[in-house]
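With UniProt numbering applied, the sequence shown covers 1 to 84.
A few of these clues could be false.
[As the list claims (entries may be wrong)] Result set (BS3-like, lysine-lysine): computed pairs, CA atoms no more than 30 angstroms apart in a straight line:
| hint | residue 1 | residue 2 |
| --- | --- | --- |
| 1 | Lys-35 | Lys-80 |
| 2 | Lys-5 | Lys-69 |
| 3 | Lys-35 | Lys-78 |
| 4 | Lys-5 | Lys-35 |
| 5 | Lys-69 | Lys-80 |
| 6 | Lys-78 | Lys-57 |
| 7 | Lys-30 | Lys-78 |
| 8 | Lys-69 | Lys-57 |
| 9 | Lys-30 | Lys-80 |
| 10 | Lys-5 | Lys-80 |
| 11 | Lys-78 | Lys-5 |
| 12 | Lys-35 | Lys-57 |
| 13 | Lys-69 | Lys-30 |
| 14 | Lys-30 | Lys-5 |
| 15 | Lys-35 | Lys-69 |
These are calculated hints, taken from the structure and not from any lab test.
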Amino acid sequence: MDKNKYFRTANFYAACYLFSRGLELVGINKDNPQKCEFVFIDIPEREILLAAFNFGKENSPEMMVDFRKAVLAIRTLKDKLYQP
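Full structure from sequences and hints, please.
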């Protein structure tokens with residue numbers, strides 16, 4: 001597996017944000033029972049998206065996500081997280 005092709009994060013909310021913004025989740029690394037990593041196919045825009053997520057001002061257009069997409073992202077990631 002080419003590590004540069006993938007982006008990993010243990011931050012659930014950042015993972016939900018990236019998923020709701022269209023990044024493709026390819027798996028969840030559960031090797032560490034105390035901390036899982038969400039693995040996405042990396043794209044050039046990911047750095048910009050994470051900068052907006054981490055440092056964007058409240059109500060900035062870069063941060064806005066359709067609430068239904070956010071709910072779907074939370075449900076999908078939780079479902080995948082708790083699958084055996």
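Consistency of the hints with the structure:
1. Lys-35 to Lys-80: 14 angstroms, holds
2. Lys-5 to Lys-69: 25 angstroms, holds
3. Lys-35 to Lys-78: Judged against 30 angstroms, a Cα distance of about 14 angstroms means the pair holds.
4. Lys-5 to Lys-35: 22 angstroms, holds
5. Lys-69 to Lys-80: Holds, at about 16 angstroms.
6. Lys-78 to Lys-57: 27 angstroms, holds
7. Lys-30 to Lys-78: Satisfied, since the Cα-Cα distance of roughly 13 angstroms is no more than 30 angstroms.
8. Lys-69 to Lys-57: 20 angstroms, holds
9. Lys-30 to Lys-80: 11 angstroms, holds
10. Lys-5 to Lys-80: 21 angstroms, holds
11. Lys-78 to Lys-5: Answer holds: Lys-78 to Lys-5 is near 24 angstroms, not above 30 angstroms.
12. Lys-35 to Lys-57: 29 angstroms, holds
13. Lys-69 to Lys-30: Roughly 25 angstroms between the alpha carbons, so the hint for Lys-69 and Lys-30 holds.
14. Lys-30 to Lys-5: 19 angstroms, holds
15. Lys-35 to Lys-69: Holds, at about 25 angstroms.
Hint check: no violations occur; every hint is consistent with the structure.
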